[in-house]
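Trainee: Residue strings, one per chain:
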Amino acid sequence: MSDPVIVVDLLTKDYPVGFWRPRPYRALDALSFTVAAGEVFGCLGPNGAGKSTTLKLLMGLVSPTSGQARMFGQSVRDVAVRRRVGFLPENPVFYDYLTGEELLAYYGQLCGMPHREARRRAGTLLDRVGLGAERRLAIRRYSKGMVQRLGVAQALVHDPELVILDEPMSGLDPIGRRDVRTLILSLRDEGKTILFSSHILSDAETLCSRVAILAAGRLQALGSMTDLVEFSVRTWDLLLDQVDDALVERLRADHAQVTSVAQGRTQVQFDGARAPEPILQAVSAAGARVIALQPVRETLEDVFLKHVEGKQRHPASREGGGAA
Amino acid sequence: MTLRLVRAVALNTFREAVRDRVFYNLLLFAVLLLGASLVIGQLGAGQDVKIIKDLGLAASLLFGVGIAIFIGIQLVAREVERRSVYPTLAKPIGRGVFLAGKYVGLLLTLAVNMAVMTIALFVVLTVYWRLTPANVQAVWTAPAVDPRLLIALLLIYVELAVVTAIALLFSTYSSALLSATFTTAVWVAGQFVTDLRTLETIGVSGPTAWTAWAVSWVLPNLALFDVKAEIVHGVPVPALQVAAAVLYGIAYSGALLLVAVVIFRRRDFK
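Line order of the protein sequences matches chains A and B. Counting along the first sequence from 1, when you hit position 69 you're at 69 in our numbering, and nothing is skipped either side. All you need for our numbering is the position in the second sequence, starting with 1, plus 1000.
This is chain A alone, in the form it adopts within the complex (with noise of 0.2 angstroms):
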């Protein structure tokens, strides 16, 4: 098996808080993970869970208070990792007086490009974001989502190893989300490794293979999409038509949950480890029309509540470090 791509190792970060006595905030606390080639890594967690922080810490934007992290086997501090690595801040800002094609032709520069391959590269990722049309057109003349989906090119222009993404679908409408979740399933085609951060868990159960949960500045829960949600059937939901009482007494007494719904229909629930095929005959010889017939599973949403709910921050200590 191949070297991990990202090795965070118990990363902590203090922020001082207060003006005339500063005292730590501990707005990450000894957080570990790993993620691996070809991975598309989800990093969830609620607002100041901690997730803006690790991405930062990875691009060297903040300095770790303790601990360590790597990328491609050096560290984060060495500037020449950040060749193989591109980055999309949460809610970018870039310079408006530029055109979107010049700031990515600048940004290529950035990386090492001669301006002229740059400017071809730039007109190249305009095009797969969707922004071809706006190539000459200043950025403060972009819409929200024309800046987010130009933050994703930005991303890209060096063509890196690995994409960060800071909340990529913040801002973007419904086509807009569709459109960077194809991208960065293409990505992950391409054999690229992603990392993102994300509050819509939608997103991350469609792309994720591996997910990290945060909450308070901890890891709360990590693990593949498979070790984390519960794929088989908790209950089982039955919307039925046309039911006399003498089925629903029946379906009581098979300790089914029964509820009169809408229309006169009723809706059955009854335990996933039952085999649903048994009630479904006893139904039809009863007369009754079935409507729908649901597995309800557990959701990544679920998983996340039960991880995130109630978590309190710890205080950090006032020498700093000593991760917990």
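Honestly, I wouldn't trust all of these hints.
[Unchecked claim] Distance ranges between label pairs, derived from CB positions:
#	chain 1	residue 1	chain 2	residue 2	range
1	B	GLY1203	A	ARG21	39 to 45 angstroms
2	B	SER1175	A	GLN269	54 to 60 angstroms
3	B	PHE1029	A	GLU117	38 to 44 angstroms
4	A	SER75	B	GLY1206	50 to 56 angstroms
5	A	SER186	B	VAL1262	40 to 46 angstroms
6	A	ARG313	B	VAL1215	43 to 49 angstroms
7	B	ALA1255	A	SER63	46 to 52 angstroms
[What the hints assert, rightly or not] Which chain A residues stay away from chain B? Per the calculated CB distances, all over 12 angstroms, these:
#	residue
8	GLU90
9	LEU187
10	SER202
11	GLU205
12	ARG289
Hints are computed from structural coordinates only; laboratory data are not their basis. Glycine included, C-beta positions come from ideal geometry on N, C-alpha and C.
Since the structure of chain A is already known, use the hints to place chain B on it.
Mentor: Below, chain B alone, put in the same frame as chain A:
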């Protein structure tokens, strides 16, 4: 490679400045003021050409300082406040290289500004020279179109480079507004460094005089760059004095840039 990165950042900084309306407003106003000096010059019999030169040099300095401060603080402070620095610093570029590029970019902007002002000043002086009768010209202590004006303009440019370095240093750790305030304060105080060192001659003594003396060695001695009066009145300025002032300006700016880089490298972008 590093030089290519510095050049890329510098050209982008220059592009930002020339696409900023503040730059054009300052430049237009300065050129208009120079034009107006033709009229003002008519008021002082015999002194008129000196007034034009005085006004021209003073305008070059004041508007240059205005650009150095108001565009200089945008170099870093506004970028940090607006968070446009995040995607830039996430690229494979060191923070020192980024700062150096920003500084060179503003020096380039100031050079363009100085070039426009210099051309405007020489055009005004040429027009005035052509319009002035020979008997009036005979009492002038220096010719109207005096190439020695370039020495004064060179030293003004070096002073602007120092002011830009001060703006850059402050903007690495404070807000845009505070950076502008601090830079203006240092620029004003820097004009009186010699006075601070000689407070005892006017009867000030004790801790006040010592503090003033100590502060005077930290502040830039901007009076070294002021040869406007000598040039305007035709008094010789030794080449050694000019060279020393230029070297002092380069060394002082270099030291400020080094401190700025050390501070900026340690900074967290929350």
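Trainee: It remains to establish, for every hint, whether it holds in the given structure.
Mentor: Now for the hints, and whether the structure bears them out:
A hinted range of 39 to 45 angstroms for the beta carbons of B:GLY1203 and A:ARG21 is consistent with their spacing of about 42 angstroms. For B:SER1175 and A:GLN269, the Cβ-Cβ distance of about 59 angstroms falls inside the hinted range of 54 to 60 angstroms, so the restraint holds. The hinted range of 38 to 44 angstroms is satisfied by B:PHE1029 and A:GLU117, whose Cβ atoms lie roughly 41 angstroms apart. Between A:SER75 and B:GLY1206 the CB atoms are about 52 angstroms apart, so this pair conforms to the stated range of 50 to 56 angstroms.
Look at A:SER186 against B:VAL1262: about 43 angstroms separates their beta carbons, and that is inside 40 to 46 angstroms. Roughly 44 angstroms separates the CB atoms of A:ARG313 and B:VAL1215, a value that falls within the hinted 43 to 49 angstroms. Between B:ALA1255 and A:SER63 the beta carbons are some 25 angstroms apart, a value that contradicts the proposed interval 46 to 52 angstroms. Not every beta carbon of chain B lies more than 12 angstroms from that of A:GLU90, the smallest distance being close to 9 angstroms; the non-interface claim is violated.
Every CB of chain B is more than 12 angstroms from the CB of A:LEU187 (nearest about 17 angstroms), matching its label as outside the interface. The Cβ of A:SER202 sits about 27 angstroms from the closest Cβ of chain B, beyond the 12 angstroms cut-off, so the non-interface label holds. Chain B leaves A:GLU205 outside its interface by the beta-carbon criterion, the shortest separation being 27 angstroms against a cut-off of 12 angstroms. At the 12 angstroms boundary, the C-beta of A:ARG289 stays outside the reach of chain B, the nearest C-beta of that chain being 58 angstroms off.
Checked against the numbered hints given earlier, this structure breaks hints 7, 8; the rest are met.
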